[in-house]
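Q: Sequence:
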Amino acid sequence: MPVEIGSLTKLKEISLSSNRLSGKIPSTFKNLVLLEKLSLFDNSLFGVVPSILGDLVNLEELILSDNLFYGTIPTELSNLTKLKVLMLNNNDLKGDFAALAKSIPTMLQFEYINLNETSNSVLVDTD
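Here the sequence shown is numbered in this note's numbering, starting from 1 and rising by one per residue.
Please note that the accuracy of each hint is not assured.
Calculated pairs, DSBU-like style, for lysine-lysine (alpha carbon to alpha carbon, straight line, at most 30 Å) [to be verified]:
1) K12 to K37
2) K82 to K37
3) K102 to K30
4) K24 to K94
5) K37 to K10
6) K37 to K84
7) K94 to K30
For the record, the hints were derived by calculation from the structure and aren't laboratory data.
Model the full structure from these sequences, guided by the hints.
A: Here it is, written out as structure tokens:
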């Protein structure tokens, strides 16, 4: 994953899915504060989901499915108050996904979290 992406600070969307990318999400991503959509599914990215993603407060979609991420979902993702779509399926992730979903005020528009840990989906229903 190229660290130089972090210098493109005016980006609003990154879609690098199905590109055979490997490595970790660079810490330079913290500079992408205008980013609204980050789609990195179907690659070979690994490591823990970096807590710096919680600094991308304009994110509406975070799609990290079908990679090699492991560990606990960072609680900093609850800072993503505009998040509508969070897709984490087919990774080895753990954590309190229901609490994360409830902590995001836009959960009316929050579509789903798909979990590999239990092979189930958690649907957020606000009715």
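Q: Indicate, hint by hint, whether the structure satisfies it.
A: Outcome of the hint check:
Distance restraint check for K12 and K37: the Cα-Cα separation of roughly 7 Å lies within the 30 Å cut-off, and the hinted pair is therefore satisfied. The hinted pair formed by K82 and K37 meets the criterion: a straight-line CA distance of about 11 Å does not exceed 30 Å. A threshold of 30 Å between alpha carbons decides the hint, and for K102 with K30 the separation of about 24 Å falls inside it, so the pair holds. Between K24 and K94, the direct Cα distance comes to roughly 18 Å. Compliance with the 30 Å bound is thereby established for this hinted pair.
For a cut-off of 30 Å, the pair hint linking K37 to K10 stands: about 13 Å separates their Cα positions. Between K37 and K84, the direct Cα distance comes to roughly 10 Å. Compliance with the 30 Å bound is thereby established for this hinted pair. This hinted pair checks out: K94 and K30 have alpha carbons roughly 23 Å apart, not beyond 30 Å.
In terms of the numbered hints stated before, the structure departs from none.
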